[in-house]
Amino acid sequence: MIDNKLQKAVSEALKNLYNIDTPAENVVLQKTKKEFSGDYTIVVFPFVKQARKSPEMVAGELGEAVKNMLEEVSDYNVIKGFLNFTVSDGYWTSYADSISTDTHLGMTAPNPNDAPVVIEYSSPNTNKPLHLGHIRNNLLGWSVSQLLTANGRNVKKVNLVNDRGIHICKSMLAWLRFGNGETPESSGLKGDHLVGKYYVEFDKHYKAEIKELMDKGVEEEQAKKEAPLMIEAQKMLKRWEEGDKEIRALWEKMNSWVYAGFDETYRKMGVGFDKIYYESNTYLLGKELVQKGLDMGVLYRKEDGSVWCDLTDAGLDQKLLLRKDGTSVYMTQDLGTALLRQQEFGADQLIYVVGNEQDYHFQVLKIVLSRLGFDWADKVYHLSYGMVELPNGKMKSREGTVVDADDLIEEMEKTAEEMCRDRGKNDDMTPEQLKELYHILALGALKYFILKVDPTKTMLFNPAESIDFNGNTGPFIQYTYARIRSIIRKAIGEKGIDLNANPKDVVLNDKEREVIKLLHDISSTVSQAAASFSPAMIANYTYDLAKAFNSFYQDTPILRESDANRMLFLVKLCNAVSLAIKNMMLILGIEVPERM
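Heads up: the sequence shown begins at 24 in the working numbering, then just goes up one per residue.
Please keep in mind that the hints were generated in silico from the structure rather than gathered at the bench. Source: prediction; values computed, not measured. Be careful, since some hints might not be right.
Claimed, not checked - Computed cross-link-like contacts, DSSO-like style, restricted to lysine-lysine with a CA-CA straight-line distance of at most 30 angstroms: (1) Lys291 with Lys570; (2) Lys248 with Lys258; (3) Lys230 with Lys347; (4) Lys342 with Lys248.
With the hints as constraints, model all of the structure from the sequences given.
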């Protein structure tokens, strides 16, 4: 790659001219600013003192030396202490030709023998369906997995289903009290939606009981503890942990409804996992670790029987690890799950994709694991992301004010259908093909809109903006890809273009050069995005590429080009762009249609 060659050449020139030892990797290359002539810029001020010459003289001497070393450098210019190199058309056209049929463009194959990166995402509770917040989690987890895989990492995607706990008992108890034997079959509801209905039902009756107690003069906090429904739910949880057959049977039945619902939603979203863990299978291991901590003296038991970790010396507070009745909390099972994964995978890194409201939780997890003597505790990494908000504010599961994932996907498919019909360009497609197209566009719009935002930022989701065919959207990029594929089909079918043929020397215009330079950045973009766990970098790179292609396309009559050699080059350049778009969108989990 020319950037690496430039770094090595500058390093060598510094040594030859001024006896300055600067490793090539320490030579900082920048993209030349658009208002100046050139492709790459080096700031020479760091070398001026040792060279004992003016910045302009150092830049001029370095420029001349590098130009003589590299045939790929066609020119250079100096602006004070800035040395700008211009790369030859021959290099750019040769590079474009070399990648024009590379189906793995931008991707590095992972070594399956490397220690894996284990990424946990989704982690739903079995008391409600997946909603918009879960969508960001799933899409981010899947995309980061794809991104790291594209960067050559061996990735294992895992899901921890929170299938036990007080929240699960709330849905179970409400169904027993108010459900009248309702099932997914009898109600026509997906299983996860049905169970979620009773989670909301519990909250409604629980609040009524709290109000009744407060009307009798009980303080609010005390009323929350004394409400009969909450007391009964806590008893149900204890019976569950004690293995009560009746409670376990009900739990298995209702969870089976939810799992079937989750599987359908995951399929719609196009995400999946290499392994699924269940909290009900890991919390006991967590309890064993709590006992180990007590035996080691790094945890302590209060008079009421609850177990805690004192983290005040780490600038935190005291953390509950086991309730006074012996039932576990989230931290209990997370300790057990972390140990289980490390034993199973020997992971190079354990990444948890969880919202930023759990930043404290993962601080505690790392500290407790470390105090329990696990030297791999520093491999735990919390990929913290911001919440998703709607134009009308935050969502609340207990109050039933969430946007269900299934409903959102269905609405976006309808919007995609309406927009395609308004454009009137799909009359030759069968109903089945159209249905598939609407789904691809809907998911492309949803995924791109969410993933183009830096993961650390809270985002406002606006469905109408996301599915626009113009601007920085998934459908815009999908349409660009479909347009390119149409050009290539015509080039092969009508013009007889052979993509395996090699064009001869081609003179580039500015827009063609801009497209090639963006393609040249693809590998470094993937590498940088993987290092920062940021699919947003991939999304915005792909948009820039699509935008640059469309600008080039508007000015270039590709299939009306009279010079056969130049037409061949332009078609091969189009093919390279389509491969880059396809691979980058694949990292985002987005399909690109061949026709639109």
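Consistency of the hints with the structure:
no.	hint	in the structure
1	Lys291 with Lys570	29 angstroms, holds
2	Lys248 with Lys258	13 angstroms, holds
3	Lys230 with Lys347	25 angstroms, holds
4	Lys342 with Lys248	20 angstroms, holds
The structure agrees with every numbered hint stated previously.
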